[in-house]
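Number of protein chains: 6
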Amino acid sequence: MTLLLRDVVDVLERLYPPRTAQSWDQVGLVTGDPAQPVERILLALDPTLDVIDEARSTGVDLLITHHPLLMRGIHSVATTTAKGASVTGLVVADIALYVAHTNADVAQSGVSEALAAAAGLTDTRPLSLVEEQPLGRVGRLASPMTLGSFAAALYAALPAAAAGLRVSGPADATVETVAVLGGAGDDQFEAVRASGADVYVTADLRHHPALEAREESRGGPPYLVDAGHWSSEAVWLPTLRDALTSALRVDIDISTVRTDPWTFTVGATPAGGMP
Amino acid sequence: MTLLLRDVVDVLERLYPPRTAQSWDQVGLVTGDPAQPVERILLALDPTLDVIDEARSTGVDLLITHHPLLMRGIHSVATTTAKGASVTGLVVADIALYVAHTNADVAQSGVSEALAAAAGLTDTRPLSLVEEQPLGRVGRLASPMTLGSFAAALYAALPAAAAGLRVSGPADATVETVAVLGGAGDDQFEAVRASGADVYVTADLRHHPALEAREESRGGPPYLVDAGHWSSEAVWLPTLRDALTSALRVDIDISTVRTDPWTFTVGATPAGGMP
Amino acid sequence: MTLLLRDVVDVLERLYPPRTAQSWDQVGLVTGDPAQPVERILLALDPTLDVIDEARSTGVDLLITHHPLLMRGIHSVATTTAKGASVTGLVVADIALYVAHTNADVAQSGVSEALAAAAGLTDTRPLSLVEEQPLGRVGRLASPMTLGSFAAALYAALPAAAAGLRVSGPADATVETVAVLGGAGDDQFEAVRASGADVYVTADLRHHPALEAREESRGGPPYLVDAGHWSSEAVWLPTLRDALTSALRVDIDISTVRTDPWTFTVGATPAGGMP
Amino acid sequence: MTLLLRDVVDVLERLYPPRTAQSWDQVGLVTGDPAQPVERILLALDPTLDVIDEARSTGVDLLITHHPLLMRGIHSVATTTAKGASVTGLVVADIALYVAHTNADVAQSGVSEALAAAAGLTDTRPLSLVEEQPLGRVGRLASPMTLGSFAAALYAALPAAAAGLRVSGPADATVETVAVLGGAGDDQFEAVRASGADVYVTADLRHHPALEAREESRGGPPYLVDAGHWSSEAVWLPTLRDALTSALRVDIDISTVRTDPWTFTVGATPAGGMP
Amino acid sequence: MTLLLRDVVDVLERLYPPRTAQSWDQVGLVTGDPAQPVERILLALDPTLDVIDEARSTGVDLLITHHPLLMRGIHSVATTTAKGASVTGLVVADIALYVAHTNADVAQSGVSEALAAAAGLTDTRPLSLVEEQPLGRVGRLASPMTLGSFAAALYAALPAAAAGLRVSGPADATVETVAVLGGAGDDQFEAVRASGADVYVTADLRHHPALEAREESRGGPPYLVDAGHWSSEAVWLPTLRDALTSALRVDIDISTVRTDPWTFTVGATPAGGMP
Amino acid sequence: MTLLLRDVVDVLERLYPPRTAQSWDQVGLVTGDPAQPVERILLALDPTLDVIDEARSTGVDLLITHHPLLMRGIHSVATTTAKGASVTGLVVADIALYVAHTNADVAQSGVSEALAAAAGLTDTRPLSLVEEQPLGRVGRLASPMTLGSFAAALYAALPAAAAGLRVSGPADATVETVAVLGGAGDDQFEAVRASGADVYVTADLRHHPALEAREESRGGPPYLVDAGHWSSEAVWLPTLRDALTSALRVDIDISTVRTDPWTFTVGATPAGGMP
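Protein chains in written order, with our numbering: chain A, 1 to 275; chain B, 1001 to 1275; chain C, 2001 to 2275; chain D, 3001 to 3275; chain E, 4001 to 4275; chain F, 5001 to 5275.
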């Protein structure tokens, strides 16, 4: 019997109920018809033009991404903009696009849990409640370790991207309690301090919020690890694949495209290298 | 004759007129009395607690920074917050603090010009006009070069920080026209595309704006270089020192504290290292 | 030589410059690629699903409508909504959609002029200036006539729709100066009174604004004619066809679909029929 | 014993409690003194100048209307505006004005119930809850009938106005479940679709909302009947008269003025008449 | 020949053009019909119920006040509120009400000029420009005098009210340059300081703004005189009477009602009386 | 054992919990370090420059005031503004400043209770609930008295200021139920009328709100007493001193500076003196 798009959507919405998404978010079906058949599914963090090309060239029927294609409403899908070209590319190739974003962040089979697992945490609890949903996680390492070792282990556990991990704090400081929040987390420093975490793993940390957080800590914990937006969230894609595989008889692949925008770095300093 | 704070302020406001600051900005005198004498001046990008300690221990009378200490209004200077402790530390030690921020960005002896010079640009023109002030610069390299070589040369010309430079684009692509904007510049992509730049040097580039800019460029130019917020602006401090030295007989030093929040990186990939 | 979409857009934007559209409006290309060839063009007031079906079945490459398909921004083009199904229908069939809305209202070859001509007006001048564009027209009939005769003549000159024309005022009142504004015009009563018009032809007049306008007139002029939104604007489509025909060698048809939502009326009273 | 205005107000506020009005509404006493005697009451949908003249010429002490005279706050009652002339006319003639608007819409003896009864509905339930009040009604016809027959029967049951009823849908479609909402109802289409209604009776339907509702229905139900703002609400006046008559010993008349703004139509098409 | 209300309005609008009123203000005709005859005019600062009673009992046709009756829009003129009772009282007695407020403040024959004259100022210039109108006045005394003597002379020149004048500053300080602004002026302290005034005469000075202004002055000038809202503006009524008398043949009286709300004081301290 | 600032803060926050302050308020520690010792405390209504001078000259460690120094956020503490000079003066002299404002208004040992006691009230209850806190008090006098006598007794019970008390109402009217609200209370007239009070004691009453309240009362009760912002709140300082004395072994003084801005009055009229 042919699997229809609406059947896959039903499975996705049981795993990641749309009502658990933040009020400002845009989740759910972006292109496609619930009655169309689905034989191949591709998973990616972002629905970029390269990912869409990959989907077209591999005969994919459904693309599932974490990041919304149309976070801001659009008034045109003409190919003169990248967003328009993306929508047109999907529609012309009959590829449905489904987005699970903040509803996937908070779920049991979600991004925060996958990141916490990659960080080696146990006894996890929510970092904070936002719109009544559990955002981020706080947990403990199996045993205390240095910040340098923790960062190295985390790097090894995440999909690698060009910018690597940035760390703020002394490499030889000891850490045990860890807060994690995939993606951009520089509005949660107050919750992190309240949590008692020794280190906070998140991404997209800009100069001013990061520096203010370090000032508020007066040089001590919580230290910071910017694990990269893509790395800290793409770690979830295998979890998603497994959850879907156990519920659906269909081909499911993770995109081979790394949608992190960075290609290479110059002069990044390893632990111990900077005076 | 003793130099007074008001005399130094007069010189600063000729170089960086407060009326050229953006309307949302907070520039000018933050602590101090215009009638107090000034014998030693310290320059820094951020008025952090470590910088203030350095100023206290070296007998500084006036600290001049690029970033405002009190961008958001405060209702207390009690030492229970880092901002309060900073204000208290300055006032107790009789250290005046003066801020030249967006007015220093746009000036002839300003941040954008210093960054453009470090990037090796000639024939510079404003990147865009915001509130009638010339934000950022666009110029040309002496001759075309590869993106990899350009990034390496820029890294060598800027004060070094732990995260190094992040580059989006092929290392062997050729670049000649360059747009620069010190600090956080991810709201100027449209001006960059309109400028015809091959590469855009700025900082604090987050995943979504950077990726959308790359998508809009369909993989081609303008490429991106995130040079680090601190590196891309601290490059201006020698210019500031020289401009003040030529106008005032007073000791002027650049802070030895690197106020970039990052200490080290793990796994950052040099050009050619990432598949 | 093949005509490309970008060539047609050039002609349209000379006739109806996008900068003359109101700031809240959404005009221009909604679907399509500027490089695609155009051999058949269809004109319609609204891009409804029936109009899109007509375009698909008649091999149309470009649909030009007055009303925007996506006045409110959308976050999905899935076929679960009518807007999504419309976009999908256009994109799948490679049909470009171009919208000329308030920029077409104000132009010389525009909606207001077409409606003024249908009403038999001469010596037309703008009814009001909104965002510096001439909205609506005021002109004079060749000679004074009764309100009843004027309404009958106007009905005969407009494309017919099921609701006909609604008139507020005595059928035997004399009118000579006439204000017209195609589409919804119940926010222009003050300009109409200031214009000295004897009667105001527009559409979508709701109870409260219409009654308040009649109260302000104390039973006298300006009287009101609600000519129907579709009828008062579809009268422009032949003008548009003629303007394009003179500039482009391409097949151009006016849609045979009447996109007025009304099918029939019950009990509408002709002049003289209501006590 | 003389009946005082405050006694009548007490009865009205038991029937239509002011706390059940929408938060944006303006209901209650508009002119008059609670201590003035009331011997004659006039009921009308709108407090127009003609209705006020009728009240003055027939010695009325209290005018009760559905629509507020002063929905927007006023800063002057000079006779230079129609609103000012209306207030002045009432005050000079010692006529109290009382308004029961959205509180009358939702009540048991209210507008929606009166319209539902005129439509022949049984088993009525609220169409939607707005600010916790039951807006509109959904019910069933005694037996299924064609849309054409339903519209004809409804027309016969409502006070007649010049524009008659406008219908969107095929005259021979079958309808059984009916949603009704007196006055302007084009913001309730979503509730109507959710209700399972075959047809929606309301008024003041403008082109864009009506067309979008029809598109969303893909040509099928719910069909639309625009019954006219005045007709769809004036049907309630006899209910109001009866409710007051049973509570008060006083002369109560329904105004002979039809406050619908339209006088006649041209070219309205009966069922079957439009291709 | 009978004088009509519209003739009086014409004279008033030449003296105090409505376009010179602040954008938030509500000036002009509040009750009355432009065609009604005017034989007696009453002038008052506020249209209170007592003033309206005086107008009724003395056969006044037109009441002219400085303060608006309906600054906030109203939705009812029922007598259950004071505003409603006021409107009803005026309309029932056929008394027109005309308001000249901020347009009267700024005029040559206006409130600020009358207050400046009472304060004995010469060489007056505007205190500040607000919405391009000259608010308040700054001028010089014929010769320097003590703050105590100035306050005593001002008190003698103004209509007396129960609270007298409040003064902030030493009675023996010398003042020569004076800023005045009738009514509530505690948002103009910055303009006063910029004007170089030694003392600022205004009214309705609350604790916090007054104390902050005194702090900013560090105990020195500009000193403050709170002359009372009523006293500082009622001083204009004779100017108004004279201006109207020279233009119109009609009886004009100034109300005998003091509309200052205060009846008496306890314990107010004369100069020298407070330690 | 040395008393530390944090110990005093603990006592203050038990007496006046910060969570009971209004959401817009700014309470708590403004300058100082929780670990600094406290031997002398000074209490004042406002932290003016004179009060700070008194604190410095008397060796005070902690100043406690009712009014916030920094109600609006500041971006500079340079001495060029009075606020900056105040903060600098406190910090340089190591004087902590603590503010208890609206949390002190509502408390059992708070401002409203102190004012009610000074007014001689018993059986007090809250005047209104604002953000769930009891604002103001309503109570009864031991026996009915004239408004004149009540005002005289209240004046005698409050700290004296130059402007004395202003009263609106006949001196011989009888009052028994009294509403009180220290500081600016002209937004609570509706609650006062609902409370059945014969007279309302508050401060900072401006012309328009006071006059509108008197109009709404039609000349009768509730009458008004403007007791002066400073007098009506400084009455609380002894209560504060006693509460702290019973909890802490430390020197506590009430400031000798009267921070009311007014120095003297001219022409204030005692009861019976104004016609």
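Please note: incorrect hints may appear among the correct ones.
[To be verified] Computed Cβ-Cβ distance ranges for the label pairs, DEER-style:
1. B:L1129 with C:R2014: 24 to 34 angstroms
2. A:T122 with B:L1129: 47 to 57 angstroms
3. B:G1220 with C:R2014: 24 to 34 angstroms
4. B:P1126 with E:A4142: 54 to 64 angstroms
5. E:E4190 with C:R2193: 18 to 28 angstroms
6. E:E4190 with B:A1247: 23 to 33 angstroms
7. D:I3254 with C:R2014: 56 to 66 angstroms
8. E:E4190 with D:R3072: 34 to 44 angstroms
9. B:A1247 with E:L4129: 36 to 46 angstroms
10. C:G2220 with A:W24: 44 to 54 angstroms
11. C:R2040 with D:R3072: 45 to 55 angstroms
12. B:G1220 with E:R4193: 38 to 48 angstroms
13. C:R2014 with D:T3080: 41 to 51 angstroms
14. E:E4190 with F:R5019: 48 to 58 angstroms
Keep in mind the hints are simulated off the structure, nothing from the lab. Glycine residues also receive a C-beta, built at the ideal position from the N, C-alpha and C atoms.
We went through each hint and held it up to the structure:
Evaluation of the 24 to 34 angstroms hint for L1129 (chain B) and R2014 (chain C) yields a pass: the beta carbon distance comes to about 29 angstroms. A beta carbon spacing of about 55 angstroms between T122 (chain A) and L1129 (chain B) agrees with the range 47 to 57 angstroms that was offered as a hint. Range check, G1220 (chain B) to R2014 (chain C): Cβ separation about 31 angstroms, and the 24 to 34 angstroms hint holds. For P1126 (chain B) and A4142 (chain E), the hinted distance range of 54 to 64 angstroms is satisfied, since their beta carbons lie about 56 angstroms from each other.
Checking the proposed 18 to 28 angstroms range against E4190 (chain E) and R2193 (chain C) shows it is violated: the Cβ atoms sit about 44 angstroms from each other. For E4190 (chain E) paired with A1247 (chain B), a C-beta distance near 32 angstroms keeps the hint of 23 to 33 angstroms intact. A hinted range of 56 to 66 angstroms for the beta carbons of I3254 (chain D) and R2014 (chain C) is consistent with their spacing of about 59 angstroms. At roughly 36 angstroms, the beta-carbon separation of E4190 (chain E) and R3072 (chain D) lies within the given 34 to 44 angstroms, and the hint holds.
Separated by about 37 angstroms at the C-beta atoms, A1247 (chain B) and L4129 (chain E) satisfy the suggested range of 36 to 46 angstroms. Against the hinted window of 44 to 54 angstroms, the Cβ-Cβ separation of G2220 (chain C) and W24 (chain A) comes to about 52 angstroms, which satisfies the hint. Between R2040 (chain C) and R3072 (chain D) the beta carbon distance is about 50 angstroms. The supplied range of 45 to 55 angstroms therefore holds. Taking 38 to 48 angstroms as the suggested C-beta distance range, the pair G1220 (chain B) and R4193 (chain E) does not conform, at roughly 58 angstroms.
A hinted range of 41 to 51 angstroms for the beta carbons of R2014 (chain C) and T3080 (chain D) is consistent with their spacing of about 47 angstroms. Roughly 36 angstroms separates the CB atoms of E4190 (chain E) and R5019 (chain F), a value that falls outside the hinted 48 to 58 angstroms.
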